[in-house]
Amino acid sequence: MDRKETFTTRRKEIKRIIEALLFSTNEPLSFEKMKEIVEIDYPTNRLELQTILKGMHEEYEKNENAFQIVELGGGYMLRTIKEMHPYLAKLHQNRRGEKISKSGATVLAIIAYKEPITRSEIEKIRGVDSSGILHTLLERELIEVVGKLEAPGRPSQYGVTQKFLTHFGLKSRDELKLSLTP
Amino acid sequence: MLNLSHISITNFNGPMALLLYLIQKEELDIFDITLKELTLHYLETIQDFDLKSDFLECISFLLLLKSRRLLPTATTVMDEDIQEIRSELINKLLEHMNFKDVADSLIKKEENEFNFFARGHNPFEEKKGLGLEEVAIQDLANKLQELLERAEKNGPKKIVWEEAFEIGPKILWLEETLSKIEHLSFDEVFTENKSRQEWIVLFLAILELIKAQKILIDKNLWIVKRPSPQEEKK
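Going down the list, the protein sequences come from chains A and B.
Here the first sequence stands for residues 1 to 182, numbered as in this note's numbering.
Here the second sequence stands for residues 1 to 234, numbered as in this note's numbering.
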């Protein structure tokens, strides 16, 4: 009986810590980081943490909360549920981000699929100059320079960022490759 | 997008990408595709501009392939050459079309993401002025944008005669109103019984007054009279 009680308080405490961590950030919090912090006081393992996260997700759903825990961009984060969109859109009217252009999306698709990739390789696929688009994508932090190709001129190689994953609601690179397999 | 380019001709019925794929795998001979039907498709597409240019790209490419096939080839070596070029071109085209498909799905995903809001701040945030008291130029620009959109929606109900509005009288009106009450909201100034033109003139008048340091717009977008330097000293 006593043991069971400590077990539930322990679980509750871990849950509270996770909730506080997620509440405090607006970017995906990686599982590893979460585990590391929880383990300051509560030695745990991946399975237990995953069970707790799943439990929280179900609890939020059951309580019909306006927000939910989602797995996104290689981590977890809190965000509002879809049904709340009309009200939030009202509050954040002018704050809506620029939509990606069709050509921007094509370049992103190529980079996401073929990274690391240089500008000239992208242009070879598209058949048109892509420097302007690359510049915009870099500025929006959807892509970044991930290396230099060992070739004359040492051209930059590009790859997608975590922001890219969050922007498009993708869990990870793997999910991206699975769902976007051409 | 590919389903848009669904084509149905003799010997083939399906999306463009499949046709390209089959030709590449040589399971379907370009020779069996009727040039005339392809051309008709091409023409239909030209008439319907909603269909994407990619379709045109593919069709014209197929036309090129076919015309090459129809030409008598001098030697077998050349034939192989053409074979190689063909395979390479189709490969490139297929790859390109695939990425366009992926791009479409990314755009859909992005659209869906706009339904969610993350903690703390909107993920699609615009820069807001950092000043404490006065509004930033960006906020003012946003406000103008919003007003213009609203004006667009309201539209004129009926134009009896076009009244010409001037900034001078508007400035006087604003100053007079502000001497009576402490502050004005934008909604009070930009009422719906005024026309779009009048709104624009009013906005210009507000800008003039800000420039002349007679009014200021605070963080909550209230239009407030700026205390004159003498009053401020007191």
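It should be emphasised that the hints constitute simulated quantities derived from the structure, not laboratory data.
Treat each hint with caution, since some may be false.
[Stated by the list, open to error] Anything over 10 angstroms on all C-beta distances counts as not near chain B; from chain A, calculated:
| id | residue |
| --- | --- |
| 1 | K62 |
| 2 | I81 |
| 3 | H135 |
[Said to hold, decoys possible] BS3-like, lysine-lysine: derived pairs with alpha carbons at most 25 angstroms apart:
| id | chain 1 | residue 1 | chain 2 | residue 2 |
| --- | --- | --- | --- | --- |
| 4 | B | K170 | B | K214 |
| 5 | B | K170 | A | K54 |
| 6 | A | K171 | B | K109 |
[Stated by the list, open to error] Here are some, though not all, of the chain A residues that point toward chain B, as calculated from beta-carbon distances under 10 angstroms:
| id | residue |
| --- | --- |
| 7 | P43 |
| 8 | T44 |
| 9 | N45 |
| 10 | L47 |
| 11 | P116 |
| 12 | G153 |
| 13 | R173 |
Built from N, CA and C at the ideal position, the CB exists for glycine as well.
Violated hints - listed by number, lowest first: 2, 5, 7, 8, 9, 10, 11, 12, 13
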